[in-house]
Amino acid sequence: MLSPSESPRHSFVVSDLHLADAEAEDPRRPLWRRYKLREHFPDASLRRFLAHARALSGGEPMELVLNGDIFDFDCVVATPNRVEARELGFSVGWLERARGLGAERAKSLWKMQRILSQHPEFIADLRDHVLAGNRLVYVIGNHDLEMHWPEVQQAFIDALDLPPDQDWDVRVCEWFYRSEGDTLITHGNQLDPYCLCHDPLRPFTEVRGKRRVRLPFGDLAGKYLSNGIGWFNPHVADTFVRSVWEWVTFFYKVIARQQPLILLTWLWSAMAALVVSLRDGTLPPVDDPLQFEDRLTRLAAKAQATAGMTLALQSVDAHPAVFRPWKVMRELWLDRAFLLALIGWGSFQVIAGLNLFAEISAWWIVLVLSVLLVPFFFYARAVDSDVSEVEAMIRARTPTLAAISRCRRVVMGHTHGARFDLLGPVEYLNTGHWAPGFHDLECTRRHGLRAFAWIRPDPSGPRKAELRDWQDPGSVALPASAVLPLPRSPAGMARQVGAKVRESVTGLRAEGAPRPADPGRG
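Each step along the sequence shown adds one to the number in my numbering, with nothing skipped, and position 121 is 121.
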């Protein structure tokens, strides 16, 4: 049996399973949240994948790293009835009835138990993996941030039902894990300003006297919008990208008949996401400062890192988008809605003012609107979502993460795009996703690759990494694409890391200017 002090020779990494609860098909709305049908669960395919991984490792000890977004708490819309909720010690608000429970301790535990109850096959396969003497590592991502609750982590471990007389190697890591000293495994959301945990060392905040996990804007937007506009797949951006004619046809055939007030649904859902994300995102973290050092030490030990390395990795995190509200509004399209309302109000005021001096036709408002709408259309055309740039930002910071962790490769998920890049001497692997993502609403054309990373021993030297496409059954290796190294020397990279660490500790930038106040980081 592989003890916690031993290191496995083989590592397999998968991410973004997005396991949630199933929903029955609605005969009146057959396309509504169709991606949540039980037939799209990846559990059976995962069982065959684990058997394939055992074959690749030749029976040698191995570790399975579940690299974030394994369970999708945000996608759980079901809620307990009032009697059950009262017995569990919480109440369910109107917004939670419409979009799913919040991230308080008891509510997160209820969602965890609901997900686990609907994926017994997957849990049984993980149990068999551990019983065979292998290591199981769970790295928290952004859609499973509620795994930060110790009770939720324990519910996952208890579900494995491992015999109590053995020292089984199962660990839950808060946001990263160092494998064998050569591979940094992290979900990647900490480099995404829209989806990061503001402070994974202190992930909780308090709202109206109740402690909760602070959810990032990206998760809240998906929770309130995707759960309320179920025609679009939250795992694939393509379902939102259509030509004008496709939108007109889609609206006439589907929306107009089954959700005619979709614009009102979008408006209040977007406003809810904006208000909640700005409120929660700017609150201070809640933590016991006397326990911080012990928590840091435990977190670093589980991740096979040092406390200093952990703090340095945190210093590379992106800055939360909620501190730039206009960017948040832009992602929700509320900026354009606000400008359109302002143009309409301004046009009315202009015509009303002119009418005080000379009686004019109300049709003049069309001329005023035409003039004011010209700059609006130029603005709307120029706006581009920052989400499309996340992949570039992640790749740009990958060498820094590798330098801090003293690893030669970094394995991530999050972006749902499988890739294997050589960033100079650093290998960057992204394992794609296993989520129920489809290009079409009928869920017939699957999106992306179900990829996995395999880091294996090499008799001639250090371990080697492969990114493989799971074709069920079997897998094929995907080629690595060489990318020009970033124009940054190791010395310059070290200076940048040192500056970021000093900034996180002292609150001063390199040039000595005070850093702006950031309540989200305490």
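Warning: the hint list may mix true and false statements.
Label pairs and their computed distance ranges (CB to CB) [to be verified]:
#: 1; residue 1: Pro30; residue 2: Phe378; range: 32 to 42 Å
#: 2; residue 1: Trp345; residue 2: Asp469; range: 13 to 23 Å
#: 3; residue 1: Gln154; residue 2: Pro30; range: 47 to 57 Å
#: 4; residue 1: Ala352; residue 2: Ala396; range: 50 to 60 Å
Taking lysine-lysine and the DSS-like style, the derived pairs with C-alpha atoms no more than 30 Å apart in a straight line are [what the hints assert, rightly or not]:
#: 5; residue 1: Lys464; residue 2: Lys302
#: 6; residue 1: Lys302; residue 2: Lys210
#: 7; residue 1: Lys327; residue 2: Lys210
No wet-lab data here; the hints were simulated from the structure. Idealized CB from N, CA, C, for every residue including glycine.
For each hint, the structure was consulted:
1. Pro30 to Phe378: 32 to 42 Å: holds, 41 Å
2. Trp345 to Asp469: 13 to 23 Å: Hint violated: Cβ distance 54 Å, outside 13 to 23 Å.
3. Gln154 to Pro30: 47 to 57 Å: Distance hint for Gln154, Pro30 is violated at roughly 39 Å.
4. Ala352 to Ala396: 50 to 60 Å: holds, 51 Å
5. Lys464 to Lys302: Holds, at roughly 23 Å.
6. Lys302 to Lys210: Holds, at about 28 Å.
7. Lys327 to Lys210: This hinted pair holds, its Cα atoms lying about 28 Å apart.
When the structure is compared with the earlier hints, violations turn up for hints 2, 3 and for no others.
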